[in-house]
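A.B. asks: Use these hints to put chain B onto chain A, whose structure you have.
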Amino acid sequence: MSPVADTTEQFTTDDLAEFTRESSAATALGALALVWVALSVLSLVGVGGIVPPLRELVMVLAVYAGLVFAIGALWRYSKSDALLIVGVMLALYVVFGVAMVVFLELPLNGLVNTLRRITFLSAVYAMLVLALNLHWGYTGLFNIGVAGFMAIGVYTMAIISGPELGLGLPLPLGIVGGVLASALVGLIAALPALRLDADYLAIVTVAFSEIIRLTLNSSVFAEMTLFGTTVGTGGGQGIRTPENPIRAIFYTDPGDTSAGLTPVGDVLFEVTGSLKVFLVSGVGIRDSVVIGLAYVIALVAIVAAFYWLLRRIGNSPFGRVLKAIREDEMVANSLGKDTQLFKIKTFMVGCALMGLAGILWRGSTGFTIPSDYMPIQTFYIFLALIIGGAGSNTGSVLGGIVFATLLFEGPPQLARIIPVLLDDLFGLQITDAPNTSIEAIAPLSSLDVTPFIAYSLENISTLRFIFLGVLIVYLMQNRPEGLLGHRKESAAAVDLSAGRNGGGDRE
Amino acid sequence: MGATQAYIRGRKLITERPGLVVVSAIAVLLFLDLVRRILTGATLISTVAGYVWNGTVIGLIIGLAGIGLSLTYSILNFANFSHGDYLTVGAFSGWTASYLVAGLGTATIGELFLLNASPRDIGITATAEPLSIVAGLVVAIVMTILIALLIDRLVYEPMRDAGGISLLIASIGVALALRYFVVFVYGTSLRGLTAGDVPKVSPTIVDGTITIDAHEATLVVSAVLLMLGIHVFLQQTKFGKAMRAMSDNKDLARVTGIPTERVIQWTWLLGAGLAGSAGYLIALKRGSMGFNLGWVLLLLIFAAVILGGIGSIYGAMIGGVIIGIVRNLSLVWLPTDFSLAAAFLIMILILLFRPEGIFGGVKTA
Numbered sequence: 000m001s002p003v004a005d006t007t008e009q010f011t012t013d014d015l016a017e018f019t020r021e022s023s024a025a026t027a028l029g030a031l032a033l034v035w036v037a038l039s040v041l042s043l044v045g046v047g048g049i050v051p052p053l054r055e056l057v058m059v060l061a062v063y064a065g066l067v068f069a070i071g072a073l074w075r076y077s078k079s080d081a082l083l084i085v086g087v088m089l090a091l092y093v094v095f096g097v098a099m100v101v102f103l104e105l106p107l108n109g110l111v112n113t114l115r116r117i118t119f120l121s122a123v124y125a126m127l128v129l130a131l132n133l134h135w136g137y138t139g140l141f142n143i144g145v146a147g148f149m150a151i152g153v154y155t156m157a158i159i160s161g162p163e164l165g166l167g168l169p170l171p172l173g174i175v176g177g178v179l180a181s182a183l184v185g186l187i188a189a190l191p192a193l194r195l196d197a198d199y200l201a202i203v204t205v206a207f208s209e210i211i212r213l214t215l216n217s218s219v220f221a222e223m224t225l226f227g228t229t230v231g232t233g234g235g236q237g238i239r240t241p242e243n244p245i246r247a248i249f250y251t252d253p254g255d256t257s258a259g260l261t262p263v264g265d266v267l268f269e270v271t272g273s274l275k276v277f278l279v280s281g282v283g284i285r286d287s288v289v290i291g292l293a294y295v296i297a298l299v300a301i302v303a304a305f306y307w308l309l310r311r312i313g314n315s316p317f318g319r320v321l322k323a324i325r326e327d328e329m330v331a332n333s334l335g336k337d338t339q340l341f342k343i344k345t346f347m348v349g350c351a352l353m354g355l356a357g358i359l360w361r362g363s364t365g366f367t368i369p370s371d372y373m374p375i376q377t378f379y380i381f382l383a384l385i386i387g388g389a390g391s392n393t394g395s396v397l398g399g400i401v402f403a404t405l406l407f408e409g410p411p412q413l414a415r416i417i418p419v420l421l422d423d424l425f426g427l428q429i430t431d432a433p434n435t436s437i438e439a440i441a442p443l444s445s446l447d448v449t450p451f452i453a454y455s456l457e458n459i460s461t462l463r464f465i466f467l468g469v470l471i472v473y474l475m476q477n478r479p480e481g482l483l484g485h486r487k488e489s490a491a492a493v494d495l496s497a498g499r500n501g502g503g504d505r506e
Numbered sequence: 000m001g002a003t004q005a006y007i008r009g010r011k012l013i014t015e016r017p018g019l020v021v022v023s024a025i026a027v028l029l030f031l032d033l034v035r036r037i038l039t040g041a042t043l044i045s046t047v048a049g050y051v052w053n054g055t056v057i058g059l060i061i062g063l064a065g066i067g068l069s070l071t072y073s074i075l076n077f078a079n080f081s082h083g084d085y086l087t088v089g090a091f092s093g094w095t096a097s098y099l100v101a102g103l104g105t106a107t108i109g110e111l112f113l114l115n116a117s118p119r120d121i122g123i124t125a126t127a128e129p130l131s132i133v134a135g136l137v138v139a140i141v142m143t144i145l146i147a148l149l150i151d152r153l154v155y156e157p158m159r160d161a162g163g164i165s166l167l168i169a170s171i172g173v174a175l176a177l178r179y180f181v182v183f184v185y186g187t188s189l190r191g192l193t194a195g196d197v198p199k200v201s202p203t204i205v206d207g208t209i210t211i212d213a214h215e216a217t218l219v220v221s222a223v224l225l226m227l228g229i230h231v232f233l234q235q236t237k238f239g240k241a242m243r244a245m246s247d248n249k250d251l252a253r254v255t256g257i258p259t260e261r262v263i264q265w266t267w268l269l270g271a272g273l274a275g276s277a278g279y280l281i282a283l284k285r286g287s288m289g290f291n292l293g294w295v296l297l298l299l300i301f302a303a304v305i306l307g308g309i310g311s312i313y314g315a316m317i318g319g320v321i322i323g324i325v326r327n328l329s330l331v332w333l334p335t336d337f338s339l340a341a342a343f344l345i346m347i348l349i350l351l352f353r354p355e356g357i358f359g360g361v362k363t364a
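Line order of the protein sequences matches chains A and B.
Residues 0 to 506 in numbering that gives the first Met the number 0 are what the first sequence lists, from first letter to last.
Residues 0 to 364 in numbering that gives the first Met the number 0 are what the second sequence lists, from first letter to last.
In short, the hints are calculated from the structure, not lab data.
It cannot be assumed that every hint is accurate.
To be verified - Example chain A residues on the side facing chain B (calculated, C-beta under 8 Å, incomplete):
| # | residue |
| --- | --- |
| 1 | D198 |
| 2 | L213 |
| 3 | S217 |
Quick reminder that beta carbons are idealized off the backbone N, C-alpha and C, glycines included.
Isolated chain A (complex conformation) (with noise of 0.2 Å):
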């Protein structure tokens, strides 16, 4: 950090905690694997009762331990940024696969059918993200009205080429018209906003996606007769959007499955409605999974090329400037830029990225209704944003990736885990929860544990908010730069630093 850091040998208290921190996630993974062979040879001789679910338990957590040790190793020698997000990835699907399969004992469809859905939300919030990241990482510009953007993406593109309430035209001309209506609003909302601070632009944005939404919600526009043709919002009722195009490939008409398959369905299909994998009980993927799955990889494919376009524009003259506005807009417009028009440009691109994403994601699904772009969306892309680190592209992915996986899905699926867990391990049953949190709170006095347990497992949606709440404050407290926001990228495209040290490696 400081000029001194040419002295590379130096060992740093940075190095110290690191150092700690691997040994004692090594020596957790050591202790782990000795109590689980303690356990083995238990089982083995036939102790039974509380002996076999440890075991299992002390599996599964050492699996998870060395996860954490790889991907800590990953974090720290990868001077990849892909391998990094790959490598996360793929030890969420560990984490969850393993924990699905061993407690769940979810069949190979289910199984599949959960990593797709993990791997769908984090696709499309990592493309929020990196859309956010254009405009607050990047430019500081403090948008919090994301869901409406999506929601003007969305809503357009369904009313272009909707099946009920649209025009009725072609997909493609939808999604593009969708993005020029995310951008021109974007324009729309920029216009006054870009020249107020950052917390004026925060309230401002806000409120246009709440008139944004309350617009689409009010029966007023919901059906009305435009060229001979019904269309409208659908008010509080929602809207259809088109038929997923990816059912294409597998069935010769997309919208009705009975006129039969594509050569390549009728040959995916065959395989995947027998496929049978190791250690995984039940027998093939269902069909609309498999769709499913192939959609979930365009997505990816998406995510890449969105990434990729993120860091060309961070990378090119343009995001200079940006940057420079970032740290301190009165220099960038003394140096002769114009601001406030680069500014306009970053917040319609960016507006535009939003309603891409929107589509890709509301969009896909065939429904979306008013609620969908509630202001606590904006803050789910804003956390992901947080917590992946302002003004890094990959920080942004990882942010989407973690948000998703562990903090969105991850409570569900655990208070389906946790009774199984207690069920094997103490006998205790959590059954019907109580319907009030009085009911729930009042046993504790006699020690009885299990109505307030089944009472939160049944509002784990509720306690997911609050600790996401926490978790906010938690990160701004402590760690405002996020996972990867104190890597600081360079302004200049090619390593300036590279040459002056006589070739010297800085970092």
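C.D. replies: Relative to the frame of chain A, chain B by itself:
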């Protein structure tokens, strides 16, 4: 000569601030249209009067809550997104107290505490159970103050030197945690609170009547008393002066010997107390509440504070009433769905053309 000067001034205004001219023109047109509607009988004067009365009632609540937001905005330098949820905390804790006072014996403690007892059995109205209303209002104020002070200690105190945006983001976290803590305890249902006949008067205004019920009257009297109280407090004690000094320059205030931490605590105390009472009173007026009560009002409160000028408590009061009236008066032209949008639009326009707010020039905190 006067005409020439006026012409030059007008030309300058048009060329330099065309947006302002357009907005003013639209405002004048809307006013003329309102006059036309009243003259032709398309809109009754009593309808307009009803809108204004309802707008004032809501506006007083927004203003009451806005005082606290304005104070924290100017003294701690951040937009507190959890302020709306202080209203929710006040409403729920206050109504729990009201139910316990009014309904003891008619339902179990648990039902009363969680507000699950039937409102008809409890039968709270301002006239039937005035004691429970007073108790609820006091508890709402005290509980909200305690929670706000606790949150300041846990969340904001370690972040005193952080920038406004960091604090804003942290306050979003606080908002989420608070709101869903309320959900965890009380659940998500929208619950009715009052039942029974609320006494009302219906004075005649020219061509029709408007209705004023006892709960609205309670709200107006309480809000005005609280506002007067805060005015006297800030005028008569040193804290008013200390707060003004702190909002101007924190470091200078500290050097001068002002106990800045104490001032901050008093700021939270006043702001949260008013927010809690506002939450309790709006629930009384509506007769029902849900966990989103405060969050939904937050943007309107922001609108009021920005309209009045950040840091000005009189600005927040008047801004609140204006926002309330605008929101209701927009019903003359717009369907109900858009009344909120109209209020937000006013806020955006104020930010565009007078970002310092109506009272921005005079710091009156």
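A.B. asks: Next step is simple, just say for each hint if it's right about the structure.
C.D. replies: Quick rundown of the hints versus the structure:
1. The closest approach between the C-beta of D198/A and any C-beta of chain B is roughly 5 Å, which is under the 8 Å cut-off, so the hint is satisfied.
2. Taken as an interface hint, L213/A checks out: its beta carbon lies about 6 Å from the nearest beta carbon of chain B, inside 8 Å.
3. With a cut of 8 Å, the hint placing S217/A at the interface with chain B holds, because the nearest CB-to-CB distance is about 4 Å.
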